[in-house]
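The task is simple: from the sequences and hints, build the whole structure.
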Amino acid sequence: MARASGYYKTGYAQQIALLETRTQKAWLATLALLLVLLPLVAGGFVIDLANQVFLAVIGSVALMLLTGVAGQVSLGHAGLLAAGALTVGVLTRETGAPFWITLPASAIMGAALGIVFGLPSLRLKGLYLGISTLALHFVVTFLGHEYESRRGFSSGVTIDPPRVFGIEIYRPGTWYAVLLAAAVLVVIFALNLLRTRTGRAWRAIHDRDVVAEALGVPVYRAKLSAFVVSSTLTAFAGGLFAYYRGFVATEAFSMFLTIQYVAMVIIGGLGSILGAILGAVFVTLLPYAIEAVVRLVGLEGALSGYVFAINYACFGIAMIFFLAVEPEGLAGIWRRVRDYFLLWPFRATPLARGR
Amino acid sequence: MQLIANIVTLAALYALIASGYVVVYRVSRVLNLAHGEIMMIGAYLLLTTGTIAGGPPALALPLALAASVLTGVAVYVVLMRRMSGEAVFAAVLMTIALGILLRGLATLLWTGQLHHPAQFVGWKNAPVHLPGGAAVSSAAAFTVVATVVVYAALFAALRYTRWGQRLRAVGENPRLAAQRGVAPASAHVIAWALAAFTGGLAGMLLSLDQGLDASVAIVGLKTFPVVLVGGLDSLLGALAGALIVAAAEALAIHYIDPLVSEVAPFLVLIAMLMVRPWGLFGAREEIDRV
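Protein chains in written order, with our numbering: chain A, 30 to 384; chain B, 992 to 1281.
Worth flagging that the hints you see were computed from the coordinates, not collected in a lab.
For each residue, glycine too, the CB sits at the ideal point set by N, CA and C.
Please note: incorrect hints may appear among the correct ones.
[Said to hold, decoys possible] Derived contacts from chain A toward chain B, CB cut-off under 7 angstroms, selection only:
1. Val-102
2. Pro-149
3. Ser-150
4. Phe-167
5. Ala-338
6. Gly-345
7. Trp-373
[Said to hold, decoys possible] Capping the alpha-carbon separation at 20 angstroms, the derived lysine to aspartate or glutamate pairs in EDC-like fashion look like this:
8. Lys-154/A to Asp-238/A
9. Lys-154/A to Glu-1163/B
10. Lys-154/A to Glu-1077/B
[Stated by the list, open to error] Derived list of chain A stretches under chain B, where covered just means 3 residues or more per stretch with a C-beta under 8 angstroms from a C-beta of chain B:
11. 168-175
12. 286-299
13. 352-358
14. 361-371
Below, the structure written as structure tokens:
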């Protein structure tokens, strides 16, 4: 990481600190203040958007740990989200369990699915996880449809808002606080995890698994732990999503949702948690931005049937652009811009580009 | 009897689609996750040539196939060639991006409604009666014939022609092949063209039979188990895998529940991954366990 000058690490506490300089702390405090103040000034629509972004951040951080850090392609992200959401839906419908039972249950469901579908494929090199998670997607959505049609919830399962100490979490403003807290916790968890032995092992198997093994990383266990951690977080996000919407329909968890999450990690920048956050913001807001542009040009009548198609094409083009031209993603762009201003008026690029 | 006919026609469709996965994987080690979309584009191209040329399918079908091959070549030249030096991982992510892009473009160009290309090319799709009281649609019967012809041609070409040898050489060891004067890019572009040809043909025949919308691409995803069961790099395996998966699916429809047939291929896949992950006929050394 580029520092202007005169910055040396002199102790272990500095070595492990997430924030190094006072400027960084000031910026983060500003961001925190803005996030706290946002619900006071913004309308319902903006708050709903922010809540969607927070949910997406949890999911994309989870996928980033698996795909960006450990280097495993997963095509079952929507299936895992569906598993979490359906766990919440089924438990509240059938037993009336409160959220402090259903949310951990959905996380456990995610972990169990991670183990079941990870065990056969993670022993193999290459892309077998992608294929077995594809199977996971179809199995979970099949079970969801079966449950919905057998129990007569053919259009979906409704879920009552959760109650904490007698207060119903129902208003978007309250959800804003809850989801913000959840997203922040997940981000801090991921950042810390990446600095541990486990996180370094994941990076090592991504970069070159033979070397990792020679250095004493148990490759199979590291891959499995990456998948299980990722699927647990994903199912948890799915459970939160179910509560937030108050409604679970298996149809909402299509292959396109998986591709949206893959787009988040690619566009954000593989391997970076900041990238996962930026990608989640970008992908969540892109459809709204497209809609706004279409309305601005005045074509919403002519293009009304094509909104989805335009979204698909834009996602595809954005992913192709970032894969081919800017593999470090939005996080890489952000880093370069920041380094430019840090080093100004000098133009020298720093030798070591830290993450 | 009808059950056997159903299994054979479904297996023929799966095998035709699977050959595209196998050829691209065998030559470039890239699992093409956009194959279903390429198939769908082929079907839409038939819709276009059918609308323009009208007339007998003998004219519209070859035109559409040529256009489909051009699409495959363009995909390779514009996108996949950039990824040839990168990790396979990045190339596979690129095919995901390509898939979603093609899906969007298809809806933009041809609308998302259900089309029936059969009307435009004058395909009657009359049922073909088989001995034993079974009947299949003529598109399905044609699929079986096409699959047999395509596989025979692929086997012969890969084994006996010079270009077939080059494709196999590049697939086996691209560096050594390049050293001996085979340009890997030329082998790759042929593989993509072949995949677009067989995939496009499968998409066209499927849409002649059942109509055409974005769900055609889903059939491409459902063909994954076929390729995996047979072995990713084996054409013979793709045939065997197609028969097994089609049998599982048709038996599930017949004896259990039509809904179960949606997941039956994937259950077969998981079982296969546990027992014999390199597939029935796949090269075993391909897969190192860790």
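Structure-based check of each hint:
{"no.": "1", "hint": "Val-102", "in the structure": "6 angstroms, holds"}
{"no.": "2", "hint": "Pro-149", "in the structure": "4 angstroms, holds"}
{"no.": "3", "hint": "Ser-150", "in the structure": "6 angstroms, holds"}
{"no.": "4", "hint": "Phe-167", "in the structure": "5 angstroms, holds"}
{"no.": "5", "hint": "Ala-338", "in the structure": "3 angstroms, holds"}
{"no.": "6", "hint": "Gly-345", "in the structure": "2 angstroms, holds"}
{"no.": "7", "hint": "Trp-373", "in the structure": "33 angstroms, violated"}
{"no.": "8", "hint": "Lys-154/A to Asp-238/A", "in the structure": "9 angstroms, holds"}
{"no.": "9", "hint": "Lys-154/A to Glu-1163/B", "in the structure": "17 angstroms, holds"}
{"no.": "10", "hint": "Lys-154/A to Glu-1077/B", "in the structure": "17 angstroms, holds"}
{"no.": "11", "hint": "168-175", "in the structure": "holds (count 4)"}
{"no.": "12", "hint": "286-299", "in the structure": "holds (count 4)"}
{"no.": "13", "hint": "352-358", "in the structure": "holds (count 3)"}
{"no.": "14", "hint": "361-371", "in the structure": "violated (count 0)"}
The structure is inconsistent with the numbered hints 7 and 14, although it conforms to all the rest.
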